[in-house]
Amino acid sequence: MALTQVSSNKCAGGFQKVFEHESTELKCKMKFAVYLPPKAETDKCPVMYWLSGLTCTEQNFITKAGSQLAAAEHGIIIVAPDTSPRGCNIEGEDENWDFGTGAGFYVNATQDPWKTNYRMYAYVTEELPKLISANFPTDPDRMSVSGHSMGGHGALICALKNPGKYKAYDATVLAASYSGPQLNILIDQGQDDQFLSASQLLPDNLIAVCSEKKIPVVFRLQPGYDHSYFFMYSFMNDHIKHHAKYLNA
Amino acid sequence: MDLYEIRGGRLDVIAEEGEPSRESTTMETYNVVAGSGGRTARDVSTFQRFSVGTNESLRFEPCEDSTPSPTGAEDGCGDDDDVFKEEDTESDINSIRNRLQGKVVEMENFAGHLEEIFLTVEENFGRQEQHLEQHYNDVLQTLSQRYDERAAALEEEKKSKLEALYNQLLACGRALDSSKELIESAQEVYRSQDKRLFLKTVMPTIKRIEEYAKEDVDLTLATHLEFNTPLADLSDVKTMMDSINVVPAPSAPVINPQMPNSATQTSLRVCWSLFSDDTVEYYELYYRPVLEDTPADSTCAPHESKVKVKETHCTVADLLPNAQYELWVTATNTTGISPASEKALYMTVPSPPVIKQRECTSCPEAALIRWDSGNTNPVDSYTVELSETGTDGTESSITESIVAVPTCQCLIQLQAGRRYLISVRAVNIGGPSDRSEVITVSTTGTFFHLLEDTAHPCLSISEDGFTIFYGDEELPISAMALDDNTFFTRCVAVLGDLIPVRGRHYWEVEVDDGTEFRIGVAYEDMERNTYLGANSSSWCMRHILSPTRHKYEFLHNGWSPDLRITVNPVRIGVALDYDRGTLSFFNVNLEQHLHTFHCNFQNHIQPCFSLDNPGALTVHNGIEAPEYAFM
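Chains A and B, in that order, give the protein sequences. Going by UniProt numbering, the first sequence opens with residue 1, and the numbers climb by one from there. Going by UniProt numbering, the second sequence opens with residue 1, and the numbers climb by one from there.
The hints are simulated quantities; they were obtained by calculation from the structure and are not laboratory data. Don't take each hint at face value.
What the hints assert, rightly or not - Residues on chain A that point at chain B, a partial pick, calculated with CB under 8 Å:
#1 N108
#2 C210
#3 R220
Backbone N, C-alpha and C fix where the C-beta goes; we use that ideal spot for every residue, glycine too.
For reference, chain A alone in the conformation it holds in the complex (with noise of 0.2 Å):
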């Protein structure tokens, strides 16, 4: 599949770069991120998808997120899809900012008129890391999905309904009845965040059921912080590690 280079920066000794290609699962021109560490130069280097939250594009996390330091240290590439398809023209698409662009939700849709551009969920887990590994220099065993809000609980369930690709529709449910290799999960919920208090985020169910089915998460509640850039800015290191632990082993 042709990429064409939108743009690249150098950044933290590597390359922040933003590629556009025609999606098959899509049916849409897309764009996504890369960053390149200095690693990749030299070596073949583990992925992390990150997955970006409702209203989000590529271009969020790869400027506000702060990731591309602790990225060149552990030799990681990372890779940052858009949230959904774009373009598509559908009807009722844009009424909502939490339904339609910008809110794929990194699931299927099993409808009209949104079952043929909507699959952001075979987009992440299929089309895109094959892309990812035939264009850049990648060790297609090593492969993590990490996320924000809307993209935090797609890695969720991208990881529990694909036992073992990465070292669910609700991912509670999934949880539930997931068996598969051990997963290891880090989970930061900022407790000032509006979503958490207007109870849209259910954190507790997770933690309730991951606790029965002996699924080792270790979920960190953040004093002061909220939804935002900055609140993932504050710890993306610290998932960059755990990630890098299992990528490097």
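Once you have looked at the hints, place chain B on chain A.
Leaving out everything else, chain B in the frame of chain A:
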């Protein structure tokens, strides 16, 4: 007696520094790898190679480059090597200097001994001279006495003889006079004219003359002309002269100072010599212990023992270890006993120390060994010896010695991932003691015991010292009253004896699901009446059991982040990194990182373990830290 022999020919080593030494060293030294030549060789003209683990003598070998270049540019060694070589040469120079200093001390001791010998010889010969002078004086005196007597006797005789002769002479004179008178009167009669008168007197006169002529004239001398010379009785003078040639009693021997390494724990080897040509039948060696407190009355004086020997050396046995003894010796021959030699002080070697197994700790780079002296009286120093063992248990030939350790503990630098056998000797003037029992130290991971003195009274520790139990007992009131900050009085806790080395340390703790515990670290001076994690001098992971769920806290200064853990850890890894200032906790079975404290630990800290409800936990250490522990 040859002084050279006594000292074993060591004198020449000092004069010929830089040439091969004939002396063997009893001390083994570190293996120093010396390079060939180099800029740093400018100050020391030769390099030396130490052979390790053997008694080979130290050899001095010249370095391959004869003269280092002035700028050092052509030495052929990269700049990178210089620092390394300088360190080499510095240590070489240090060891040469140390040996030279040792030799200087030896020389000083020898000079002192020589002085003593000199004084004794002077004394001995002084006495001999005196003795001779006296002897001959006696003889001379006796002789002159005899002379006087004889001279006086002779004078007497002369006088008496002369007197007798003089009397005789007088008698003769008188006789002559009377004869002359007679003759004159006879002549007168003859000449007289008166014939009648002539006839009257002639006959009686002729009768008188006849009678007188009949008298025999005694012409014998009154005395003998010769003198009476009696034989002089010089027999006693003769005896005196003879006694000059008789062998005198011997002069005092000289007792040698203690030779290094000649003593054992219970025996001493004593040597002495005789600095004159006296004949000696046997020697008697006296010795008695030197007591610390000299008692006031002499009845409690230490027991004096005596040994009779024919040689000029003796090994005295059945002595006490690490004790000082006073020794002196006399020489005896047919004439008598010599005066006693100077008293020498000898010391037996100390008893071996006893390593305190439960107070030794180690980590990958070092070990701290503690021991009991093993002697009631102080010793001079200790020597720690270590050798590496191979994985199959065979002792390797690599041995190191650390000498002049002043106290009963030693922090030794080691290499990671090896096994060492370590032992200690006590050293005094008499030499080193026997080796203590050996302790095995493994530099895999960090190893420590629990400090039982710090344990809360309700905490009991297993036999092997690594499992702690909290029984459901009431705390005795008496324990509460004590306030000397040694053991915990509220928190049922105990500290671990971590080696005071600022590096990376890792240990694991085994608990079960139902145990409420606090596991972490604390500064040694943490208040013992507070709880772990509740103050600024401790950090810990805490497990609280509530009816509905398990709760985990990571406490410091009473504050913890809000964390949820879904799988309860039963084996917890604790990783401490002084340099990075981190203390991390892991679920070992899942290799899962739980939490990291960040703190620049100013002082040395100690592991701490406590139980908040009746239960038990087990400490596991001596484990190599897993890779993820210090990522």
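Checked hints:
1. The restraint placing N108/A at the interface with chain B is violated, with a minimum CB-CB distance near 28 Å, outside the 8 Å limit.
2. Hint status for C210/A relative to chain B: holds, with the closest Cβ pair at about 4 Å, below 8 Å.
3. Hint status for R220/A: holds, given a least beta-carbon distance of 5 Å to chain B, under 8 Å.
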